[in-house]
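2 protein chains.
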Amino acid sequence: MKKSQHHLSFIGAGNVAWHLVQKFETAGHTVHEIYSRNIAKAKALANQLSLVEPVDRLNFQESKARIFFIAVSDDAIDEVVSKLTLPPDALLVHTSGSQPMSSLIQEGTTRVGVFYPLQTFSKGKPIDFSHIPICVEAAHPKDLDLLQQLAGSISQDVRVMNSEERVVLHVAAVFACNFTNYLLGIAEKILAEHQIGLDVLQPLITETLQKALEIGPQKAQTGPAARGDMATIQRHLEFLKNHEDYATIYDLFSRHIAENT
Amino acid sequence: MKKSQHHLSFIGAGNVAWHLVQKFETAGHTVHEIYSRNIAKAKALANQLSLVEPVDRLNFQESKARIFFIAVSDDAIDEVVSKLTLPPDALLVHTSGSQPMSSLIQEGTTRVGVFYPLQTFSKGKPIDFSHIPICVEAAHPKDLDLLQQLAGSISQDVRVMNSEERVVLHVAAVFACNFTNYLLGIAEKILAEHQIGLDVLQPLITETLQKALEIGPQKAQTGPAARGDMATIQRHLEFLKNHEDYATIYDLFSRHIAENT
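Those sequence lines, one after another, are chains R and H. Sequence positions in the first sequence follow my numbering and run 2 to 262. Sequence positions in the second sequence follow my numbering and run 2 to 262.
Simulated from the structure, these hints should not be mistaken for laboratory data. Be careful, since some hints might not be right.
Heads up, the list lumps identical chains together, so a pair's fine if it works in one copy or across two of them.
As the list claims (entries may be wrong) - No farther apart than 30 Å at their CA atoms in a straight line, the calculated lysine-lysine pairs in the DSS-like style are these:
#1 Lys143 with Lys242
#2 Lys220 with Lys42
#3 Lys126 with Lys212
#4 Lys143 with Lys126
#5 Lys190 with Lys212
#6 Lys84 with Lys24
#7 Lys220 with Lys24
#8 Lys126 with Lys220
#9 Lys44 with Lys220
#10 Lys212 with Lys44
#11 Lys220 with Lys190
Go ahead and model the full structure; you've got the sequences and the hints to work with.
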């Protein structure tokens, strides 16, 4: 694939922008402006880079950028779009997993797309982009090519997905990540009541995850419910009798696992 | 700590025995016998080792071993204990996370203990023991010393835990591992219905887990419910309307997370 240098600007200076902007610069692209309502945030990110101008106005008519990234929280996208002025013929994309591409369309814009890196970002924690799936979508085939090329310059895993498929991905991620994290929180609290740290479970959690990804979660399912070990389930529910919330989840999962194993 | 060579025998030739026996030999201990009801299984494991005798009788009166490991499924422990004949003054331990130490006590045995490696084992998949927590318990202080020393010869993470604390650990592990795996299974099925493989979520799952273990699951909680993003929750529940099971879990978790974040 031929390596092209692209001219970009970012609207938003949060976690996603923080990582993407720096990665794009490293990959040889030029970021011209970073917008934040809070100019201090835009400056903080621009300071990490070479030639970027921090701005707090949404008029980009004079910008040299040709691709504009909206990387703000989902509920701020509409407002940003309504206030935005772009150069003629610019491509506008957002980086959200849950918003449809159509949320970018307004009078005068026809070149729209999505550039969604499927990862959770924290400021200050470096991320290896090369294996992060980047899901791209565009209203025009030429822009899809462009976004695939741009994504391919920072990751080996570029996938074309429409807005409906992104919802599928997002729902699956809520189960596999947000809810999984909540279960780890329950485990942490149960252990903490007996002065045991969550770290005791680290090797087991890591191995469980590896096994699930290697042989598939269905084959990897173990535990009292998978064995039909009713005596242990009863003992655990008895143990949880002062934690109604946890007991509800324990009971629900045990029944589902028993039915599906 | 002084390195002693111990003389061991194993009752059971399943996954736990498979890994422990080989690790003990590597660490310089001698395994004298491996028992299985199915002599072929005992032979298969004994073949991996140097001087081990495969047996299918539970009379160990003539054995040179001094520590006997019961590594059979939980519901077979009682039967094994009732049929077992040990040399005088032998130490009998089991490797179960969910059975109390007292399940080993019968007329004539007073030296009992537990040696529980907190990990999930699959035959043929090598395991690095050095960071696996090994939870030990014994009826007599001298035997506790002995088991700590033995555990310390294969792992850096040896913890003294009584039978009640092991139940805490087991319940926490069910939430953090068995239930987590079940959630990954739901994610896999949702994706599969749209011809997407679970591998798309691998970087996100790995990062979620790392973050939970680094900063704690409570701080690491993200997602629509943590943000109070009711519009997305409603869209996801609508998406799940043909999967009542998943919708129940989605709704329950979202409410719990919203209340606790």
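Cross-check of the supplied hints:
no.: 1; hint: Lys143 with Lys242; verdict: neither (60 Å within a copy, 36 Å between copies)
no.: 2; hint: Lys220 with Lys42; verdict: between (47 Å within a copy, 22 Å between copies)
no.: 3; hint: Lys126 with Lys212; verdict: both (26 Å within a copy, 10 Å between copies)
no.: 4; hint: Lys143 with Lys126; verdict: neither (34 Å within a copy, 47 Å between copies)
no.: 5; hint: Lys190 with Lys212; verdict: both (25 Å within a copy, 17 Å between copies)
no.: 6; hint: Lys84 with Lys24; verdict: within (27 Å within a copy, 66 Å between copies)
no.: 7; hint: Lys220 with Lys24; verdict: between (38 Å within a copy, 26 Å between copies)
no.: 8; hint: Lys126 with Lys220; verdict: between (34 Å within a copy, 15 Å between copies)
no.: 9; hint: Lys44 with Lys220; verdict: between (50 Å within a copy, 27 Å between copies)
no.: 10; hint: Lys212 with Lys44; verdict: between (44 Å within a copy, 27 Å between copies)
no.: 11; hint: Lys220 with Lys190; verdict: both (28 Å within a copy, 13 Å between copies)
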